[in-house]
Amino acid sequence: MKKLSSTDNISRGWNIILNIASAAYTLICLLPFLLVVIISLTDEKAIAQYGYSYLPKNLSFAAYEALFKSTNSILRVYGVSIFVTVVGTVLSVIIMAMYAYPISRSNFRYRNQFTFIIFFTTLFGGGLVPWYIICTQVLRLKNTVWALIVPYLFNTFYVIVMKTFFKSTIHESIIESAKLDGASEIRIFRTIVLPLSLPVLASVGLFMSIIYWNDWWLSTILQTDNAWVNLQYAMYRVLVSATYLSQLGGIGQGLTQSELAKMPTETVRMAMCVFAMGPIVLAYPFFQRYFVKGLTIGAIKG
Amino acid sequence: MSQILTTCKTEKKPTYKYNIFINIIKEIKTNYSFFILLLPGFILVFILNYLPMVGIVLAFKKYQLIDRNFFINLFKCEWVGFDNFWLFFHDKNFFSAMRVTIGYNIMFMITGTTISLIIALVINEISNKKMAKFYHSCMLLPNFLSWVVFSYVVFAFLGMEHGFINNSILVPLGFKEISWYMEPKYWPFILFIVNTIKSAGVGSILYLSAIVGLDPEYFELARIYGASKWQQIRMITLPLISNVIIILLILNLGHILSADFGLFYNIPMRSAYIREATNTVDIYIYYLLQTSELSKSAAAGLFKSVIGMLTVLLTNFTVRKIDKEKALF
Numbered sequence: 021m022k023k024l025s026s027t028d029n030i031s032r033g034w035n036i037i038l039n040i041a042s043a044a045y046t047l048i049c050l051l052p053f054l055l056v057v058i059i060s061l062t063d064e065k066a067i068a069q070y071g072y073s074y075l076p077k078n079l080s081f082a083a084y085e086a087l088f089k090s091t092n093s094i095l096r097v098y099g100v101s102i103f104v105t106v107v108g109t110v111l112s113v114i115i116m117a118m119y120a121y122p123i124s125r126s127n128f129r130y131r132n133q134f135t136f137i138i139f140f141t142t143l144f145g146g147g148l149v150p151w152y153i154i155c156t157q158v159l160r161l162k163n164t165v166w167a168l169i170v171p172y173l174f175n176t177f178y179v180i181v182m183k184t185f186f187k188s189t190i191h192e193s194i195i196e197s198a199k200l201d202g203a204s205e206i207r208i209f210r211t212i213v214l215p216l217s218l219p220v221l222a223s224v225g226l227f228m229s230i231i232y233w234n235d236w237w238l239s240t241i242l243q244t245d246n247a248w249v250n251l252q253y254a255m256y257r258v259l260v261s262a263t264y265l266s267q268l269g270g271i272g273q274g275l276t277q278s279e280l281a282k283m284p285t286e287t288v289r290m291a292m293c294v295f296a297m298g299p300i301v302l303a304y305p306f307f308q309r310y311f312v313k314g315l316t317i318g319a320i321k322g
Numbered sequence: 000m001s002q003i004l005t006t007c008k009t010e011k012k013p014t015y016k017y018n019i020f021i022n023i024i025k026e027i028k029t030n031y032s033f034f035i036l037l038l039p040g041f042i043l044v045f046i047l048n049y050l051p052m053v054g055i056v057l058a059f060k061k062y063q064l065i066d067r068n069f070f071i072n073l074f075k076c077e078w079v080g081f082d083n084f085w086l087f088f089h090d091k092n093f094f095s096a097m098r099v100t101i102g103y104n105i106m107f108m109i110t111g112t113t114i115s116l117i118i119a120l121v122i123n124e125i126s127n128k129k130m131a132k133f134y135h136s137c138m139l140l141p142n143f144l145s146w147v148v149f150s151y152v153v154f155a156f157l158g159m160e161h162g163f164i165n166n167s168i169l170v171p172l173g174f175k176e177i178s179w180y181m182e183p184k185y186w187p188f189i190l191f192i193v194n195t196i197k198s199a200g201v202g203s204i205l206y207l208s209a210i211v212g213l214d215p216e217y218f219e220l221a222r223i224y225g226a227s228k229w230q231q232i233r234m235i236t237l238p239l240i241s242n243v244i245i246i247l248l249i250l251n252l253g254h255i256l257s258a259d260f261g262l263f264y265n266i267p268m269r270s271a272y273i274r275e276a277t278n279t280v281d282i283y284i285y286y287l288l289q290t291s292e293l294s295k296s297a298a299a300g301l302f303k304s305v306i307g308m309l310t311v312l313l314t315n316f317t318v319r320k321i322d323k324e325k326a327l328f
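So the protein sequences, as listed, match chains A and B. Just so you know, the first sequence maps onto residues 21 to 322 in our numbering. Just so you know, the second sequence maps onto residues 0 to 328 in our numbering.
It is worth saying that the hints were derived from the structure and are not from the lab. Here the structure is a predicted model, which means the values were calculated and not measured. Don't be surprised by glycine CBs; every beta carbon is placed ideally from N, CA and C. Just so you know, not all the hints are guaranteed correct.
[Stated by the list, open to error] Ranges of calculated distance between the beta carbons of each label pair, as one might list FRET restraints:
| no. | chain 1 | residue 1 | chain 2 | residue 2 | range |
| --- | --- | --- | --- | --- | --- |
| 1 | A | L95 | B | E77 | 50 to 58 Å |
| 2 | B | L237 | A | V158 | 49 to 57 Å |
| 3 | A | A41 | B | F69 | 54 to 62 Å |
| 4 | A | V158 | B | I23 | 20 to 28 Å |
| 5 | A | T211 | B | I23 | 24 to 32 Å |
| 6 | A | S126 | B | F81 | 41 to 49 Å |
[As the list claims (entries may be wrong)] Take a look, some chain A residues computed to stay more than 12 Å from chain B by CB distance:
| no. | residue |
| --- | --- |
| 7 | V107 |
| 8 | S193 |
| 9 | D201 |
Modelling step: build the complete structure from the supplied sequences, incorporating the hints.
Printed below as a string of structure tokens:
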């Protein structure tokens, strides 16, 4: 029935026009990123002469070679990003699921109070300065790797999403029967609730990993030395001053001074950008379903 | 009757507080595992969200470096009442930041809603559903890339020396090069395009699901009576989802003082020449923190928090009046 109303009615001509319009907008969304990829593959001399272009005169892999040669620092930067993303995602999903489960249970007397405690934080906060002081003076996060993980561990929005999911898909009767068999609440949570909630855990996990992977803000505010630089923060610094690359404990470690001077800085930084986009763009086709699902669950209020 | 009620009340009152304690202890005893599960999250929220609320006293004090320990400083420094607030109220940069934030938010609200709505309508009408889905997924992709990546892309287009627009479009066509990062007048337009590419696709998801969820019988009946597609969209689809549109708009109004920090901080690359067009309230607060004007920054942050809370409550109240189901709380 639905098919009739939405498909039969549009004329061939209009269908073509709408297709062209959508394709055009799709290109507007994708082509800008292609430019960065092409620049990273362009010969440095061609850039100096003709500027950035979609159709470069000479192609070269010099930027990627330079990045791979200076393995020490770039691997470290990449490693920090991967470590933060993996540890942060796993920890945050566990902690948020643990919080979401009790407040989804109708036999928990204080579920509304505990929901309000986290909900209120979305309404009112102390502001940037008090938060910064707590992070640096109480938690002593400054210049540690935990500065990149701890502040994002708990996200009220995703807790509410999980709570809604637990409430709507896990039947009270399953939990009741497990209880009759003598299972404790923690055991029920571990062996029944979590396996049944894999879809929502996957969606929230994906979004958390995107948040961690894309983060530059925590480094900007909580890192003052170069000990725990992640990929996004390195990129952020490099864009303003290309020399930051060599500050990073020598991105050209093992290179001589003259080799360092020859390093194609213009294309190297664009190659870094390609490395930052890479994982997301490559993973996107496979996880796209979960992304969209996650965005739509978010629309349901808790 | 009333006498009975009052006696009931007076009888119950003394035991009431006592009951809460008994209840909590009883609940902890019977459902201690729930509390164990809640604990890690609760500690995080307490430290990262509730402890900072104590820190707002800083907004009413004149912060000075007396000791190495921050808290001793905070305790010892003097109360100045609302002086910090007057400080930034008399700062013309603050009002510029307010104007910029509210201006962009209103622009993004209007254009964002329109573009997202058009995307949803178009995607819904395309006959080949597989193609439609493909287009839509591609439009969502930029949302998952970081603002730093976006700042690289924008730089690749607008950069002074090698930028694509200067080198490959303006100069070959015989125009003069433009120093994009030094001219404030272009920035509302640039930020609008960047913001649209990043978020219009995601914005369309809600509208699309609202449109798909409409009862097909309306459209069938309209077709029987000979309504064209355009008429159907105008007379059926738009009025039926207008509720969703209005509610999303009002809810956005609640965040009128907050702007996406990444967009306004990264995309203009912090160029000093275009601050008047790109500095938002959040960035104003951030720069005050960077220059160690802690009290002033805390006061501005508190001002933003309070106004933000009031606007959210107000807009939510309005939404409740329209449609109770759609209100956040």
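Hints, one by one, checked against the model:
no.	hint	result
1	A:L95 with B:E77: 50 to 58 Å	holds (51 Å)
2	B:L237 with A:V158: 49 to 57 Å	holds (52 Å)
3	A:A41 with B:F69: 54 to 62 Å	holds (57 Å)
4	A:V158 with B:I23: 20 to 28 Å	holds (27 Å)
5	A:T211 with B:I23: 24 to 32 Å	holds (28 Å)
6	A:S126 with B:F81: 41 to 49 Å	holds (46 Å)
7	V107	holds (15 Å)
8	S193	holds (19 Å)
9	D201	holds (16 Å)
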